[in-house]
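Heads up: the protein sequence lines correspond to chains U and X, in order.
Reading the first sequence from the start, the letters are residues 1 to 324 in our numbering.
Reading the second sequence from the start, the letters are residues 1001 to 1078 in our numbering.
Warning: the hint list may mix true and false statements.
Covered stretches of chain U, as calculated for chain X (at least 3 residues, CB under 8 Å) [claimed, not checked]:
{"hint": "1", "stretch": "17-24"}
{"hint": "2", "stretch": "244-258"}
Pair by pair, the computed Cβ-Cβ distance ranges are [what the hints assert, rightly or not]:
{"hint": "3", "chain 1": "X", "residue 1": "T1002", "chain 2": "U", "residue 2": "A215", "range": "48 to 54 Å"}
{"hint": "4", "chain 1": "U", "residue 1": "K157", "chain 2": "X", "residue 2": "N1029", "range": "54 to 60 Å"}
{"hint": "5", "chain 1": "X", "residue 1": "N1029", "chain 2": "U", "residue 2": "N18", "range": "49 to 55 Å"}
{"hint": "6", "chain 1": "X", "residue 1": "G1011", "chain 2": "U", "residue 2": "L208", "range": "43 to 49 Å"}
{"hint": "7", "chain 1": "U", "residue 1": "V16", "chain 2": "X", "residue 2": "D1024", "range": "39 to 45 Å"}
{"hint": "8", "chain 1": "U", "residue 1": "K157", "chain 2": "X", "residue 2": "Q1016", "range": "48 to 54 Å"}
{"hint": "9", "chain 1": "U", "residue 1": "L319", "chain 2": "X", "residue 2": "G1011", "range": "24 to 30 Å"}
Everything labelled a hint here was simulated from the structure, so no lab data went into it.
Please read these numbers as outputs of a predicted model, since none were measured by experiment.
For glycine and all other residues, C-beta sits at the position ideal for the given N, C-alpha and C.
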Amino acid sequence: MFDWLQHFADWLIYSVFNIGAETHLGTALNFFVFDTLKILILLFFIVFLMGIINAYFPIERLKGYLNRKKLYGLEYFFSSVFGAITPFCSCSSVPLFIGFVQGGIPLGVTFSFLVTSPLVNEVAVAMFLGMFGIKATLIYAVSGILLGTIGGWLLGKFKLEPLLSDWVKKILDNKMQQGEYEEVKQTFYQRLPGISRGAWDIVKGVLLYVVLGIAIGAAMHGYVPENFFNTYLGGGQWWTVPLAVLVAVPMYANAAGIVPIVQVFVAKGVPLGTAIAFMMATVGLSIPEATLLKKVMSLKLIAIFFGIVTLCIIISGYLFNLVL
Amino acid sequence: MTKIVKILGTGCPKCQSMTGVVKDVIYENNIDATIEKIEDIMEIMKFNVMTTPALVIDDVITIKGRVPSKDEVLALLN
């Protein structure tokens, strides 16, 4: 699929810049050009596709559906899938959270959404697809959705409603009236320019991280000895998974920048499962997210939420390493 | 009559680009309107929107969850 791009990278580096294919610099630059362009193309297409899905996704109706129907536990799964397909914008997470709770959706189901929303996002998926291929991407996305489902269900068992912020509880008590809303319906062709502009904005926003991540990754490829991590981290020591996850939780790294670096770790001997767990903890949980959530939850609730999700990520890290 | 335009959003890039679009439209077309940015989540929730950014013109929510084009905003303001 990307053969033509490889030809282009070969032509650009070996012919135009005349840097030999046998030199270190030549192969590194070739690698860099090919990877960067491939990722950017994938990124644009996936973000664009998600933009179309999102433009037509009936959020309000889904809210009603989750609330009315008896779904025998499937509501956690649906809510988690929903979190995966909504674009991750931290600023929308909190309003959606409140909208859900206010609409009478149980807190656990809402948590399923909140876990998956940052975890499985279009940028992370595109980066994974570009750096690790389709199999690892599917594993990442499916396990992310399952993690949200199970995490939400577990959190739902704890009866955590009293730990919400006071003003959120107040909202829950007196049902608010629906705000007046009039939107002029637009046709697909009217919306298309807006959707592609939105996709372009997202790609532009992460461009620097993609380039930096791939550049650092390319540089590390050359300098970190083969099987370097294998000696220190990959030997199947039990503590590597929890360590990787605990280091990653407070970190706030853009998925676009972290995936190319994680890819080098895997290439140099870190097990894929440990790497996926690390990724999940980096993008799924972060200090900035905790700060946002502070507005709707007490610290204790945030701690329980982060604790449960961290535990789930660690367990899935072990599972991946067993299966993969 | 001066229109009251409110932009709801906690300050993410999308909310900022919506503010930019709205400001441009008002300035370029000399529309009599005041812009108010509402960044406090508690205030935002009073409008009962689930997706930000949202555009509120004279207390009617006209757009939520996306950044509109200039033409669209112009049509809404006229």
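Against the structure, the hints come out as follows:
1. Taking a C-beta to C-beta cut-off of 8 Å, the stretch 17-24 of chain U contributes 0 residues in contact with chain X, too few for the three needed, and the coverage statement is violated.
2. Against chain X, the stretch 244-258 of chain U contributes 0 residues with a C-beta closer than 8 Å to a partner C-beta. That does not satisfy the three-residue criterion, and the hint is violated.
3. At roughly 51 Å, the beta-carbon separation of X:T1002 and U:A215 lies within the given 48 to 54 Å, and the hint holds.
4. At about 56 Å, the CB distance of U:K157 to X:N1029 agrees with the hint of 54 to 60 Å.
5. In this structure, X:N1029 and U:N18 meet the distance hint of 49 to 55 Å, their C-beta atoms being roughly 54 Å apart.
6. Taking the beta carbon of each, X:G1011 and U:L208 are about 20 Å apart, not inside 43 to 49 Å as hinted.
7. A beta carbon spacing of about 40 Å between U:V16 and X:D1024 agrees with the range 39 to 45 Å that was offered as a hint.
8. In this structure the hint that U:K157 and X:Q1016 lie 48 to 54 Å apart at CB is violated, the actual value being about 40 Å.
9. Between U:L319 and X:G1011 the beta carbons are some 38 Å apart, a value that contradicts the proposed interval 24 to 30 Å.
The structure shown violates the earlier hints numbered 1, 2, 6, 8 and 9.
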